[in-house]
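If you read the sequences in order, they're chains V and H. Under my numbering, the residue at position 85 of the first sequence is numbered 85, and the numbers go up by one with no gaps. Under my numbering, the residue at position 16 of the second sequence is numbered 16, and the numbers go up by one with no gaps.
Treat the hints loosely; a few may be bogus.
[Claimed, not checked] On the chain V side, residues computed to face chain H include the following (Cβ under 10 Å):
#: 1; residue: 4
#: 2; residue: 16
#: 3; residue: 69
[Stated by the list, open to error] So the derived list for chain V, only partly shown, Cβ under 10 Å to chain H, looks like this:
#: 4; residue: 28
#: 5; residue: 33
#: 6; residue: 37
#: 7; residue: 41
#: 8; residue: 44
#: 9; residue: 48
#: 10; residue: 50
#: 11; residue: 53
#: 12; residue: 56
#: 13; residue: 58
#: 14; residue: 64
#: 15; residue: 91
#: 16; residue: 92
#: 17; residue: 94
#: 18; residue: 105
#: 19; residue: 110
By construction, these hints were calculated from the structure, which means they are not laboratory data. Even for Gly, the Cβ is constructed at its ideal location relative to N, Cα and C.
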Amino acid sequence: NAGVTQTPKFRVLKTGQSMTLLCAQDMNHEYMYWYRQDPGMGLRLIHYSVGEGTTAKGEVPDGYNVSRLKKQNFLLGLESAAPSQTSVYFCASSDPTGGGRMNTEAFFGQGTRLTVV
Amino acid sequence: DAKTTQPNSMESNEEEPVHLPCNHSTISGTDYIHWYRQLPSQGPEYVIHGLTSNVNNRMASLAIAEDRKSSTLILHRATLRDAAVYYCILRYPYGGATNKLIFGTGTLLAVQP
Numbered sequence: 001n002a003g004v005t006q007t008p009k010f011r012v013l014k015t016g017q018s019m020t021l022l023c024a025q026d027m028n029h030e031y032m033y034w035y036r037q038d039p040g041m042g043l044r045l046i047h048y049s050v051g052e053g054t055t056a057k058g059e060v061p062d063g064y065n066v067s068r069l070k071k072q073n074f075l076l077g078l079e080s081a082a083p084s085q086t087s088v089y090f091c092a093s094s095d096p097t098g099g100g101r102m103n104t105e106a107f108f109g110q111g112t113r114l115t116v117v
Numbered sequence: 001d002a003k004t005t006q007p008n009s010m011e012s013n014e015e016e017p018v019h020l021p022c023n024h025s026t027i028s029g030t031d032y033i034h035w036y037r038q039l040p041s042q043g044p045e046y047v048i049h050g051l052t053s054n055v056n057n058r059m060a061s062l063a064i065a066e067d068r069k070s071s072t073l074i075l076h077r078a079t080l081r082d083a084a085v086y087y088c089i090l091r092y093p094y095g096g097a098t099n100k101l102i103f104g105t106g107t108l109l110a111v112q113p
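Build out the structure end to end from the sequences listed, making use of the hints.
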């Protein structure tokens with residue numbers, strides 16, 4: 001059981017380039033999230049999705065777009081990368097319905113370290 | 001979103017108990033108290049959660065104040081592997097936009113051998 005897988009793990013971009021980060025989960029979770037974490041800081045929510053075909057803005061959505069065309073995948077796009085987007089990006093999934101521990105636990109990927117030069 | 005307040009850092013000795021405090025004075029009646037931790041260079045991982053009663057699992061215990069305005073994560077015997085940033089988060093348990101996890105800055109726990 002792979003859990004939450006993020007692709008790629010590392011990437012260096014030049015200012016103005018675009019890229020897409022892929023998050024895949026195999027737990028059939030409804031909810032998926034994208035966070036960024038800057039050095040010495042906690043995670044900040046960029047965008048999230050409460051189901052296939054739906055997305056919503058989080059705390060810091062500017063400069064990013066997302067899509068959830070399939071339930072298992074959540075894509076984060078940077079259309080024109082800026083040095084301020086240098087960060088570690090984490091994807092997570094959870095399912096608020098159901099019982100027991102799975103009711104509320106969120107599972108995180110290992111992160112994508114992005115550097116914009 | 002209701003906020004939590006945690007100390008920036010704490011230190012512990014190996015094999016001693018650790019009590020990590022969290023204040024959440026604006027907690028609503030339906031918010032669950034969640035704890036996650038983030039080991040170096042890894043994504044956060046779930047530790048424990050509770051609503052009103054104290055909770056125990058294989059990783060830790062969660063003690064919740066009677067008025068629910070504060071809670072304490074207890075690691076019974078700290079190991080070097082427990083060195084991490086610990087996040088206390090309030091989370092609405094049901095579906096919808098309010099179910100999102102909002103992280104604060106957490107407590108950096110250092111464990112000395």
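Here is what the structure says about each hint:
no.: 1; hint: 4; result: holds (8 Å)
no.: 2; hint: 16; result: violated (29 Å)
no.: 3; hint: 69; result: violated (20 Å)
no.: 4; hint: 28; result: violated (15 Å)
no.: 5; hint: 33; result: holds (7 Å)
no.: 6; hint: 37; result: holds (9 Å)
no.: 7; hint: 41; result: holds (6 Å)
no.: 8; hint: 44; result: holds (7 Å)
no.: 9; hint: 48; result: holds (5 Å)
no.: 10; hint: 50; result: holds (7 Å)
no.: 11; hint: 53; result: violated (15 Å)
no.: 12; hint: 56; result: holds (6 Å)
no.: 13; hint: 58; result: holds (7 Å)
no.: 14; hint: 64; result: violated (16 Å)
no.: 15; hint: 91; result: holds (8 Å)
no.: 16; hint: 92; result: holds (7 Å)
no.: 17; hint: 94; result: holds (8 Å)
no.: 18; hint: 105; result: holds (4 Å)
no.: 19; hint: 110; result: holds (6 Å)
The structure does not agree with the numbered hints 2, 3, 4, 11 and 14 stated previously, though it agrees with the rest.
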